[in-house]
Each structure stands twice: as C-alpha cells, then as structure tokens.
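Chains as they are written, first to last, in the numbering used here: chain R, 1 to 398; chain X, 1001 to 1398; chain W, 2001 to 2398; chain P, 3001 to 3398.
Hints are computed from structural coordinates only; laboratory data are not their basis.
Hints should not be assumed to be uniformly reliable.
[Claimed, not checked] Pairs of lysine-lysine residues, derived as DSBU-like cross-links and limited to a Cα-Cα distance of at most 35 Å, are as follows:
1) P:Lys3190 <-> P:Lys3045
2) P:Lys3045 <-> R:Lys338
3) W:Lys2113 <-> X:Lys1165
4) P:Lys3309 <-> P:Lys3281
5) R:Lys390 <-> P:Lys3046
6) X:Lys1343 <-> X:Lys1380
7) W:Lys2338 <-> X:Lys1190
Protein chains: 4
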Amino acid sequence: MAKVAMLGAGFIGDFYTYSLHGLRSRDQVYIINDRDESRARAFAKKHRIPEWTTSMESAVNDPHVELVVVGLPNNMHYEAVKLAAAAGKPVLCTKPLGRNATEAYKMLEAVEKAGVLNGYLEDLVYPPKTVKAIEAVRAGTLGQVTWVRSRETHPGPHSDWFWTKEISGGGVLLDMGCHCIEIARNYIGKDIRPVEVISVADTLVKPIDAEDNALGWVRYENGAIGQFEVSWTFRGGMDLRDEVMGTEGTIWINNFLRTGFDMFTAGGKRGYVAEKAETEKGWIFPVGDEVAELGYYNMFTDMFKALEKGSTPLETFYDGYIVNEIMDACYRSAKSKKWETVKLKVWRGKEKAGPISAIREYDKDHIFMKEERMPDGRIKVILKNKKTGKISQIEKKK
Amino acid sequence: MAKVAMLGAGFIGDFYTYSLHGLRSRDQVYIINDRDESRARAFAKKHRIPEWTTSMESAVNDPHVELVVVGLPNNMHYEAVKLAAAAGKPVLCTKPLGRNATEAYKMLEAVEKAGVLNGYLEDLVYPPKTVKAIEAVRAGTLGQVTWVRSRETHPGPHSDWFWTKEISGGGVLLDMGCHCIEIARNYIGKDIRPVEVISVADTLVKPIDAEDNALGWVRYENGAIGQFEVSWTFRGGMDLRDEVMGTEGTIWINNFLRTGFDMFTAGGKRGYVAEKAETEKGWIFPVGDEVAELGYYNMFTDMFKALEKGSTPLETFYDGYIVNEIMDACYRSAKSKKWETVKLKVWRGKEKAGPISAIREYDKDHIFMKEERMPDGRIKVILKNKKTGKISQIEKKK
Amino acid sequence: MAKVAMLGAGFIGDFYTYSLHGLRSRDQVYIINDRDESRARAFAKKHRIPEWTTSMESAVNDPHVELVVVGLPNNMHYEAVKLAAAAGKPVLCTKPLGRNATEAYKMLEAVEKAGVLNGYLEDLVYPPKTVKAIEAVRAGTLGQVTWVRSRETHPGPHSDWFWTKEISGGGVLLDMGCHCIEIARNYIGKDIRPVEVISVADTLVKPIDAEDNALGWVRYENGAIGQFEVSWTFRGGMDLRDEVMGTEGTIWINNFLRTGFDMFTAGGKRGYVAEKAETEKGWIFPVGDEVAELGYYNMFTDMFKALEKGSTPLETFYDGYIVNEIMDACYRSAKSKKWETVKLKVWRGKEKAGPISAIREYDKDHIFMKEERMPDGRIKVILKNKKTGKISQIEKKK
Amino acid sequence: MAKVAMLGAGFIGDFYTYSLHGLRSRDQVYIINDRDESRARAFAKKHRIPEWTTSMESAVNDPHVELVVVGLPNNMHYEAVKLAAAAGKPVLCTKPLGRNATEAYKMLEAVEKAGVLNGYLEDLVYPPKTVKAIEAVRAGTLGQVTWVRSRETHPGPHSDWFWTKEISGGGVLLDMGCHCIEIARNYIGKDIRPVEVISVADTLVKPIDAEDNALGWVRYENGAIGQFEVSWTFRGGMDLRDEVMGTEGTIWINNFLRTGFDMFTAGGKRGYVAEKAETEKGWIFPVGDEVAELGYYNMFTDMFKALEKGSTPLETFYDGYIVNEIMDACYRSAKSKKWETVKLKVWRGKEKAGPISAIREYDKDHIFMKEERMPDGRIKVILKNKKTGKISQIEKKK
C-alpha cells in the first residue's frame, strides 16, 4: 500500500487519481498539490484526499508520502523531479519526460544519482490489448517486425498551456509523438538502437506557432521502421491506432474509436461520452472503461509492483530520455528536410542488431518467394534460382 | 480488505481468483475448497492461497473467512449456500443460481432468513461497455427500450459436468440463457415484470440429452421483448453480443470477438489465445484483458463495496431467482410449444408498467410518423390525420 | 437486349430503372406507367425513357415491350400480373408477391398457365456478398446449416401507402419479413420444407394499425431455424444483416451500415447519403453503390439471362408464393400465440429431409464432443462413452 | 457497343475481361493477344472470345477492333501504345503507365500526337466507395483535405515478371505506389501541384533486387500530404485502405479485408476465396464481387462513356505520367535521403494554390481554437487573443 503525493490537479492528475483509487485498489493519493489553491482544494474534496497544498516542496517532503507522481505541465517536470530526488523518494513522471533531450537527461541523472525508483508514465504501452500484443510479438507470433505504425490524433488538447510553446516545449510532435515512438520501440524491441529519423512538422490548421500535425519515420538498426502520425486537427473523436507488420503476421489495434461499442441516439444526451468525443448525437463510439482501456491500471500496477519488489518498471526515465532524443532529431529533421541521426548520450541496448531476414529454402536449387491460389483454383509458386538469380513460376501439384 | 473462501477449484474458481487477486487488489482468497485433494492443493499453490481443504464445511466455517464465493457445479450450489447461511456469512454464488426455480427459491429464502449479504455473480451485466450502456439507457439516451437481443454462443463448455443433465440441471438454455435473460432485464428495467415466454430448445448437433441450442423471447409487461440466442455449437470462438433497440436510439456491443484487436499469424503460436478461441493460426481476435472485459473486476468491486457499506449489490439472489423462473417457463414452453406465463413467488418491482409510447404531434391536425431524404434530395414527411386516421405524405420545404 | 415496361414510377421503380440502365447495360426501359400523369412524365424525362402512359394495359400491351416489370403498391400486383399473363409476356414482380398467400397463388397460377417466364424480385438474395456466401454454404464450407438470422430494420417506409393496411396488406412483417424469410430459405436449402412458425407482431411505437415490429422463427423439416427480425422503428439508418450458423462454420454479413466506409463530418452536408440514413452530420456509414450492394444488378442479370436462355431464374413466383404462405402462418401465430403449420398448396422440394447430424467418432469406444485449450496451455477433450453414455474429460497429449 | 483487342492473357487481362463481359455488358473482347500461343488460345476459349493471335500488331490492326486495352508486363506498354497510336485507335493502358517518367512521357506524346482517346486504367480511384468519397470531398463534406493515407499491401505479386526489375522497372513502389499516389491526388485535388517527395524503399524480406517495402510522403503546393505505404511482405491477405483527413471531417475506407463479410470455417474449403487471401480455414474475409469492389466496372464504364461521347475519361495518360514523375522523384529520394523536387515536363493544373486555412473568429477579440466537454460535464473553450496572441481557456455557459 502506497501513499502518493500527486503534483498537478489538472486533467492528467484527475485521470491518474481515478486510476489510483479505482476498483479494489489498496493505494491512496495522500496529498494533492496545485499552484491554484481553489483547484487543489476542490480536487482534494472530489477525490477524498486527506491533504492539499499549493507548495510542491511541502507535498514532496510530507513525511507520509512514499511516492511522488508528477502530473504537471511540461515546464515543471524537471523542478518536481529534482525535489523528489533530493528527498530520496521514488518518482513517476508523466509524458513527455522533458521538453527536450537536454532537460530529460538532467532528470535521468538526478534520479539515478539519487538512486530512487523512477517510472515513465507512458500509459499507451500498457493498454490491455497492447500488453497482450507486445507479448505475442515477443513470443514470435509475427516473425520479425518490419514496420510499426502508431497514430494518435484528436481535435487538440484540453488545456491552454499545451498550446503555448514556452510551457509545453513544442506542439503535437512532442505532445503525442512521444506516445507513438515508445509504442513502436516496444514492438520493434527496446534493445534495438534507433538510428535516424525523418519528420514533417507543419502548422496546417490552428492559429498557433507550434506544429499541429506531424509525421515521422524512425529507422532502427535492423532496418525496421517506426512510423508516427500525430495531429491536433483530426475530426471525429480520438483516434488511437497501432499497426504492426511482421514477416509472419500482422496486428491491428484500435484503442478508442472502434472497440465493439456502437451507440446511436436521435435525442442527444447531454453528458460526457468519451475523451475528446466530438458529438453527442448520431452514431458515437464510447469505450468501456477509459482508465482501463488507456492502460492506466496496468501502468500503475507495474510501477507499484516494482516499488514493492525493488525491481524496475517496464518504462523508466531512461526510456523517456531515449524518446526525447528521437523527438529532438525529428525537430531537426523537420527543419533540415533530411534524415537526422539520433544522438544518444547513453545507450543500454544491443551494440549491433543484424538485418531482418526471412529467406526460406524451397529445394536445393531454389529459394521460396511466394505461393498464391488463382481465381481458377490453380496454385502458383514463385521461386528464385540460387545460382542464376532467375525468378520463375511453377504450378503446384495439389 | 476481505478474506475469501473459494469453493470450487475448476475453471470458474480460477477465473474468480484471478479477478480477486488482480491489479492492486486489497482482497485475498484465504482458503480453497475442492473435493479433489490434488486439485485443491495445486490451486492453492498456483494462486498463493494460504489454506486448502476438501471439506466445504471447514472452508465456510474457517474463522478467518469473511466471505464465501461459490464456484461449484450447479448441483452443489444449494448445499454451499445453506452452509454459508448457517454460518451467518455473506455469500456470492455463480450463475445460474439454481438448477431450477424451486432450488433458487430455497437459496433465496436461506440467505434472507439468515440476513446475510447475498450476491448473484452474473458477470455479463458488469463488462465496462455494458455498465456504460446501461447507464446511457437509464439516462434516456435511447428513449424507451423496445427490444434487446443478447447472444452468447461458443463451441461448448469446458468441463464434463456441464454436459451431464443431472449435475447441471439442463443444457445451454440454463448454462447461458441465464446471462442473456439478466442482460435484457437490465436494459429493459429490472422493475418491469417479465410476463410470458416462448422458447425453442433443441439438441441439433451434439450427442447429448440436454439441448445444445436454444432461442427465446421474454415479453415484459410494457411490451418490450428480451430475446436470447444461446448455443454450444457455434464455430469461430466465443460470440458475446448484445443489441438494444429504443425509440430514440440503438446500442450494439461486442464483448469478445470484434473489440478492436485483430491478429494474423502464418506461423501458428502454441498457446492460449482467448477463452474458447478455436484457432491458433490465421486471423484471430483476442480480447485485451479477459477478466476486465467479461466484467469480473467490476462485479467483485460492486460486491465488496456493498459488503463494506452494508448496502445491496446490483445483482442479488432475488435476481437469480427471477432468472430461474423465466428459464423454467422457457423449458415448459419448449415442450408445450406455446407462450407460457412466468410464475413469480415473489415480485419486488412495479405492479403495473404502461405500454411503450412515442407518439409525437406534428401540427394540430396531424401526428408525425416519419421524415426521410430521398435520393433526389427532396425530404418527404409522412403524417397521420388525427381525426380521419388517414396517412398521407407531404414534401418538406427546406 | 430487352425492352421493358416499368409499371410504377415510385421509389422502387426508380431504383429498378437505375439498375436496368446502370453501368454498360444493354437493356432499356421503353415505357413507364403510372396512374399519376405528372409523375409518369417526370420519370420518363429523368431516365430518358421513350414512352410514358397512365394506362397499365397500354404499357403491358405495347408491341415493343418484351418484358413487364411490376414496381407497384402491393394491392396492384395481381392485376398487373394478370395483364402480362394475358399478353403472354414475361413478367417480373417486386416483393412481396401478394398481400397474402391466396393472392400469391392466383398470380402463380396465372403465369404458369400462360407459360410465361416469371421472376420474383427478391433483391436481397442477390447482393454480391450474399451470392458468394450462399455458394460457400452449398459447397459445404459451413457444414450443415442449423440457424439463420436475417434482420432488416429501418425507421419506416418512404411512401404513405405502405402504412395503410388495405393497400399494403400488412405491416413490417409483410414488407420486410418477406426478405428475411427468403434469405434464410436460400441458406438452409430451398428444397427443405418449411414446417411451422411462431411469430410476434406488435405495434409498439407508430400510431398505425399494422404491426411496426415483428419477430419470427420458421422451423424447417431438418430442424434448422430461420429467424427474422424486422422493424419500422429502428434508429440509426438501415440495418440489413444476416448471420448463418453451421456445424462447421459461421457467416456474418452486414449489407449496409458497416461495410468498410466510415465518414465523419462536422460541417453537415446537405444531400442524400444512403437509403434511410438518419443523419447528415457526425459519423455516417455510406455504402459504395447502393444498387450493386442491394443486389439489383445481380438480380436483373439473372432474370435477363434466364429470359435469353429460356431457363428459370433463381427466384420465381413459386418462391414468392412459399414466402407468402410462411407469412400467413406468421400472422396466424401472432394471434394464436402458438406454433402454426405452414400450409402449402404446392411443394416442389424434397418430400423428406433427415435431421442435421454431425456426430464424430473419437475412438472405437467414444464419441468426440469437444476440444479446448485452457488458459494454462493444457488441452481438454470431452468424450462420450458409446455404450454407457457417460461423459468424461481427458487431457490431450501434445 | 465496343469491340476490344485485349493485349495480354495474364492475371490482369483475365480480370479486365471478366469486367468487360460482366453483368449486362454490351461490350465484347473481340481478339486476345499473347506471346504464348497456348495461353492465348485457352484464354479465348474460356472467355468465348472470337479471335486470338500471338501478334500484337495483328490484334491492334484487326479491322473489327475499335479499342485497344493494354494488359501487358510493364516493359511492353510503350510498344503496345505506339502500335495503337499508329493505328489511330483509342487505347487504355494498365498501371503504372511507364517503367519511369521518360517512358511515360513518350507514351503521352504518342497518343496526344495521334489524337486518340487515351485512358489510364487506375482502377483504385474507381471503387464504388472511393467514387462516393471523392464526390463527398469535392462537395466540401470534409472541409479542406490536409492529409491522405493510402495503403496497398499484400504478400507479393502473382507473376514472375513483377519480381524481375528489368521487366517491371522497379519493385513495390512502382507496382503499387502508383495506386496510392493517384488515390491521394484525387482526394487532394488533381489540379494541385505535387511539389516534393521523401521516400523510403527497402528490400527487407524477399531475396530480390527491387524494394519489397516502400513508404513515401508527397507534399502538395497547398501543404497537404499524400502518404503511401506499400508492401509485398504483408501477411493476412490484401490490405487496401485509404484514410482522408480534412479540417471538417474524416473518411476511412477499407476496400478489401473488412467490408462486412466475415466467414469462419473449421473444415477448410479448397477453393479461391479472394485475391491474395492467405488462408482457407479459420476466419476469412471475402469481398462480395471483386471486379466491382476493385473499381473495374466503374472504370470501364467511365472509359467507354468517354469513348462514346467523345469526352475525356477521369484518368488519362497525362495522369499516368504525373504519377510516374512522382515515383521517379521517390526513387531519387530513397537514394539521396532528402526531399526531392517533382519535375514535371507538363503541368495542366493550377499555377498557384494557397495554403490550407480554417481560422474561425470567436468574438471580435478572439480566434476560436477548440471546444471540449470534460468528464465532469463542463465545457471548455480554448481561445487565442488576436492582438496579444495569448492562449487562454474559458468555461462555456450551457
């Protein structure tokens, strides 16, 4: 059972607290901190939290507090983490870790020097479907992963600070690209080095300085590509989809908009339907339990188990740092219009990762390329001669 | 925090225990009981349960035990419930409550006389989607519910006892019809009296005495119909789908086979994919977290909260009894080939429920019937004259 | 190349004419007939039809006309068919064939005595998906069909006459039940005799005399059941879905609302989206080409090929008559609240059809019942002893 | 009614001929040409084609022939087109037009100098869903299009020549990228100039010289991006999906794998299920009518109508040439690892296309950015001050 200091009484603090207190949880937010007194007070009341404070320092150093959860705007992460590290307390930080890799690296150094447990709250590698899918990929169900597409788009963030670059550190690339990049790393293998990136970051629709749409490809050492698509101008709700392509299989996950729950209403219902839903009439697609589907339960379970066992959670500040470096390279690429190298100050994965390979012998002279049934029922096999390299086709005997 | 005696170390006991111990649960199975010693012992080891016993009586009466969970074959429910009632301990019983309404009624009497908390473990009204859908229906999002279809089909149960009528009390109608009937009651309104039923129960495919396929319509006092479709001979996995039709809207829920998670594998993976999955190759459709998606977390959360607060859970033995009466009427109907009245020894809902009505005035002379846009863009309105009853159509001005 | 007299310039005549003139068709509507002169004239202009007339007799007897297509309200089918038969011309009639079986039988007699080609325009057994599905079922892909569910629901018909029982002959059971019944017959086997029916027909929502919601089960001689669900009060568009359950497989078809085309619009577009779509804003689900998806192209292709080859189309007046008899039995059942026998004046299928059977031997002592992989990886097999009838389970060796 | 010379008796010639002869078509393949005599002869017999020849020249110049359709390997397109142009006959050519832009440009010059109708057989802008979607986009349903994703992936082509670079001219980028690029052009606007591209083209899995996976972004002058994803190593069938994102809406189309037709078979059926299906057992997802769904009917209808009316079909050699230039730029980019300019020898669209813009005023001091309902029911509005540029949030009064 853990007593938590929650820093930040905004949207994400709310979601985290629902998750921490949900179902039959043995954990408890003990103190809520927010700069805005009335917000802190209201939050404490709503979630039945014993204490509230406007002082981050008091919250972190409260003697009851065993764990610090950072749910603050991006520009306050570093300060919060420094306080937790100084207090020698375990700390979990929301995404992205830093506004840039320099900041993230300082956060990583702070917690590692202090020797405190550190967790990176990347919820979107923890949705139940994603957990099962990653497990299947690791068990070889898809062969070797060649390509991952992760898409996170919605009609724009819910708080003003996201849209102000000085506070957030960037636009949609930073805000949501961080999700997609870490999702792809998990499927491709977190021990495979991200080598280079190319990215587009445009302000197409909204009257802001930061980019509202971004695309990117992250190339990994083994040739696999992690593709991200993020937007603050998507219409129709929140679209969270992942696709994984492997040499032996495929995975398609839809985390939000098409999960087997369709509702039509002619009357219109005044009420919250789903995160970033755009309609309250016509066909709508709610999810069952948002905190479950978005991975929050699994995420905190992993973090708290690590805390109890003295082990390492699946996602740490090191992962957050890697993601920030990849995003920094993306921002450079969006300007230079070239592939940019990912520069890692620290790398703890494999030094070398060979290329993807799925060559299969057909007979002693030929390599197998493909088999296909034609509309008339015949089965064609495409082969390559090992010596001559010539490609030919034969008809398979049934 | 509750200490639980789990009766039954089979498939359902396993699922229940995973649910009770899942995520950050504060609850614990303290003792496992099974007639088969080696099964009890293995179960205790697997789930790290402190105690095991082959004596149901010892399990129930163990002084540490605060709550009894019945996960036994149908023919042992009554005995287990009697023991719990005698011990004055809260008891939760798996579905169906009894093998028939007579047995269910005796169980209801036993717990109510003893004054112990009693919960009916109908998990399929607790899936996160269903919880949200029922809430939407109660808030009026669909207008008035006219029809509910609930379908639960799979390729047959996993234990031999289900197939033996003396132990189970019946075939697929009893085993799965109970789910569908209670789902429909929740959407239509648990206070609306089920009046009569018609049912088909056939043994079409399997070499058994009990029915392997059944269909039924339950007519409620307000005219709404709850339709169930159950089968032990469905091919393709486990199909759990609900559809709700209202005067103002529609809900479609797919709990298992199409939930936004598609996986293709050419290689074939040897392992458990999902409950009652039939393939390990080709396209498969896993769910994320089965115990979450099937409602187990929500169900036990509701039960334990009721226990802690001294309140009543959403599903009690009374509900289980009503379901058994409806099923008894179905079995009678399947034989008589006529609509059969549902005979309730006890009814705690509304005495009268008026008919569904959604009549809308168009103007002082006409009732509105329908509006439709034609392929050529014109909008037609169909009206009924209040006095003459004549139905006519006009073209709407845009 | 056929020259067609189209009788009826309403919604269905429009759809038929689009189909007849669509793509690279060699066929042509030569004359349009409607009682309403302005409607006939406008129709002719819109579809570039050479001739129009308010006289049904003139249209049928026009010497250029080689084929008569009846797209009239139900109460005028018989008259139109008599005229065509008298003229010795091939005739295709929309669904349902008659307002009741007596009328349908007279139509059948008329065309058969005259010896003219007769086609029953049941478009919903001709959608491309349905054609392929029926073919798969006949090839044995699903084993033996045990159950078919066909559902056709929408928010109510587009013309006033449908709602007036004297003209239409009935409500939604007649209007749309006819589709579902014939779809099920095609999957189960048109040579298997429909034996008895049970049906519900209620006026739940609309202020009309005829039923606006109906359900039914048609039991076939081999034990298979064709289930229909029809409604004029469905909200959300037009829902045309079929499900087929067989001993070896399953088919699910969605013909209209979920066909792989999702569109969201915030702005709202003024225009026709799809037949009976209810929204022009939010998420909408258009179909590609309605006349193709609803089977019209395939239907007329089949009819015209039969005409050219002197063969019989897939759907004839005989089929229409069978469907009318089944519906008459349904209306009787809705009143009597009992299963009612289907009384056929003429039956051209099998005299006897044995029961469905899929018993499989496991070894010389046992019948195979089921195999299932458990969450822990073990594979259970359920068997029945041939002599004792006892059901037991064993663990399969991998 | 047109008499056609079909050049090429392979897979695509077969598909084209089925389309040309399908439904109630008035058109006819009059002569089939293939270098392989036995193939030509068999093809003629199968499709009841009056004449066959091994001489391309004879086929084109046959006096009955009114139209030439080129269904040959890529390296023979130019020769075939030259012959048709020389004969002054209309010519339709399969995709891609040339092996590269130089070749395509020569083909364009040839037909335009000869003044013959020329059609580019890009079927995937003609599927019924796509036709309706493009129409909706042009009508403004989605606002301004910012991004299009087109994906065409399958397990590799069916004929040996595709895999041999000298014949095909390239790998999957050329073979399937051409589809995706032209689909995106149609949504974004064919009059908007494609400016620059970045592309990845890798040989990840197959033992070939040409690329088996490629990705690309094509940037248009107004800032919109057309993204393509093509692969010859996808597992699970043929995945043809398009996504369109606009400032006011969204379109998702699935042309092949999830179109509302799901079939499960335990038995396994030996037969053709769908183009490039990989399984014959388990869950499979057939399409209804492949030639309809893939756009062939609509495509030939458009081409033949243009021929009859003397108008221009939607897709001409000019379009094919533009696509080839974009692909050439992609190949350059894949090598240079930089954005490469699309160099057009001829451009017939707009000279200038302004940026996408969707700025909306909220009140005289503020620009509207976003509105969102929070879980607690409050509605937040995000605004930007016109003068200060400051972003703030207010709560909306209900």
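**Asked** Between P:Lys3190 and P:Lys3045, does the CA-CA distance stay at or below 35 Å?
**Response** violated, 41 Å
**Asked** Hey, W:Lys2113 versus X:Lys1165, does the alpha-carbon distance stay inside 35 Å?
**Response** violated, 56 Å
**Request:** Please work out if X:Lys1343 and X:Lys1380 have their alpha carbons no farther apart than 35 Å.
**Result:** Judged against 35 Å, a Cα distance of about 47 Å means the pair is violated.
**Prompt:** Has the given pair, R:Lys390 with P:Lys3046, been kept, meaning a C-alpha gap of at most 35 Å?
**Reply:** holds, 31 Å
**Asked** Holds or violated: P:Lys3045 with R:Lys338, Cα cutoff 35 Å?
**Response** violated, 55 Å
**Request:** For the pair we were handed, P:Lys3309 and P:Lys3281, check the Cα-Cα distance against 35 Å.
**Result:** The hint is violated at about 48 Å.
**Message:** Next pair to validate is W:Lys2338 with X:Lys1190; report whether the Cα-Cα distance is within 35 Å.
**Reply:** Holds: W:Lys2338 and X:Lys1190 sit about 27 Å apart, inside 35 Å.
When each numbered hint is compared with the structure, violations occur for hints 1, 2, 3, 4, 6.
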